[in-house]
Amino acid sequence: DAGITQSPRYKITETGRQVTLMCHQTWSHSYMFWYRQDLGHGLRLIYYSAAADITDKGEVPDGYVVSRSKTENFPLTLESATRSQTSVYFCASTRQRSSYEQYFGPGTRLTVT
Amino acid sequence: AQSVTQLDSQVPVFEEAPVELRCNYSSSVSVYLFWYVQYPNQGLQLLLKYLSGSTLVESINGFEAEFNKSQTSFHLRKPSVHISDTAEYFCAVSEGGSEKLVFGKGTKLTVNP
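So the protein sequences, as listed, match chains U and A.
Position 82 of the first sequence, counting from 1, maps to 82 under this note's numbering, and the rest follow consecutively.
Position 88 of the second sequence, counting from 1, maps to 1088 under this note's numbering, and the rest follow consecutively.
If you're looking for bench data, these hints aren't it; they were derived computationally from the structure.
Just so you know, not all the hints are guaranteed correct.
[Unchecked claim] List of simulated lysine-lysine pairs, DSS-like, C-alpha gap at most 25 Å:
hint, chain 1, residue 1, chain 2, residue 2
1, A, K1049, A, K1069
2, A, K1049, A, K1105
3, A, K1049, A, K1100
4, U, K57, A, K1100
5, A, K1105, U, K57
6, A, K1100, U, K70
7, U, K57, U, K11
8, A, K1108, A, K1049
9, A, K1105, A, K1069
[Claimed, not checked] A few chain A positions that, by computed beta-carbon distances, are all more than 12 Å from chain U:
hint, residue
10, P1012
11, E1020
12, S1026
13, S1027
14, Y1036
15, Q1045
16, L1051
17, N1061
18, S1094
19, E1099
Computed from a prediction, not measured in an experiment: that's the story for all the values here.
By construction, the Cβ of each residue, glycine as well, lies at the ideal position given by its N, Cα and C atoms.
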C-alpha cells in the first residue's frame, strides 16, 4: 500500500531552470493539492485539482504550472525557478469533497541557488 | 476571507504536564475545523476534526479539541503530554464545505524530560 509518494525527496537547482516535482497516489482519490511550507507562513495552497483535467489556482500560484492527465498523478512544474521558491513542497489528496481529510505525501525539499 | 490564527509559534512543556495549543479563526459562514500534526521530516497527518455534532472531539492518542462558535476558537488540549508528542501542530479551516483548507502558521510543541 504505497499511498501517496513524492519525488524527488530533495532537489537542488539553479535560478532560471525548469524543475518538475512529481506526486503519485494509489488510492484513485479525486482531489489533489500542492502546498508549500515556509517558516513563519505555515502551509499555503499553490494549486489543486478536483479530477483529471480539472485544475484551479490556490493562494500562491504565480511561477508554477500544474497538469493532471491521469487521476493518480499531479506534477508541479516551476517554469523558471527563483530563490523565493526555495521551500518544502507537499502534495496531498482526498477521496471526495465531503471526506475533508487530506492525506499528505512526505514532501520535497527544493533549494534554488 | 477566512483566516486561521495560531497564537503561539512555540510551546515548550515538561513531560506529563498539560498543554493547550490555541487556534482562532475568522469566517462569516459555517466552518469545518481540523488539527493536523507533523512529526520531524514527515508530511502532515490528521489528528482530529470537527464537522458537526458534539463540540468536543477527541483523538486516539489523548488529544481533544473543543469548537467554540461564539469565540471562534478550536483549541487543542492534552492533560498529560509525552516526549513522543513533540511535533508541529497545524490548525486548519474549511469554509462552507469547501474542499480547500486554510492552515494556520503552526505551533511547535516541544516536550522536555
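* For the pair we were handed, A/K1100 and U/K70, check the Cα-Cα distance against 25 Å. => Holds. A/K1100 to U/K70 sits at ~21 Å (cutoff 25 Å).
* Least C-beta distance from A/S1026 to chain U larger than 12 Å -> holds (15 Å)
* Asked: Per the stated criterion, does the least C-beta distance between A/Y1036 and chain U lie above 12 Å, as a non-interface residue requires?
  -> Not fine: 8 Å to the nearest Cβ puts A/Y1036 too close to chain U.
* Asked: For the pair supplied as a hint, A/K1049 and A/K1100, is the alpha-carbon distance within the 25 Å limit?
  -> holds (14 Å)
* Measuring Cβ to Cβ, find out whether A/E1020 lies farther than 12 Å from everything in chain U. => With a cut-off of 12 Å, A/E1020 remains clear of chain U, as the shortest Cβ separation is near 19 Å.
* Hint consistency between A/K1049 and A/K1069 [alpha-carbon to alpha-carbon, up to 25 Å] -> holds (15 Å)
* Given pair status - A/K1069, A/K1105, alpha carbons within 25 Å -> With Cα atoms ~21 Å apart, A/K1105 and A/K1069 stay inside 25 Å; holds.
* Asked: Since A/S1094 was said not to touch the interface, does its Cβ keep a gap of more than 12 Å from each Cβ of chain U?
  -> violated (6 Å)
* Starting from U/K57, check that the Cα of U/K11 is at most 25 Å away, please. => Judged against 25 Å, a Cα distance of about 24 Å means the pair holds.
* **Beyond 12 Å from every chain U Cβ - status for A/P1012** => Given that every Cβ of chain U is farther than 12 Å from that of A/P1012, nearest at about 18 Å, it holds.
* **Hinted pair A/K1105 and U/K57, Cα distance within 25 Å** => holds (20 Å)
* Could you check that no beta carbon of chain U comes within 12 Å of the beta carbon of A/S1027? => holds (15 Å)
Comparing the model with each numbered hint stated earlier shows that hints 14, 15, 16, 18, 19 do not hold.
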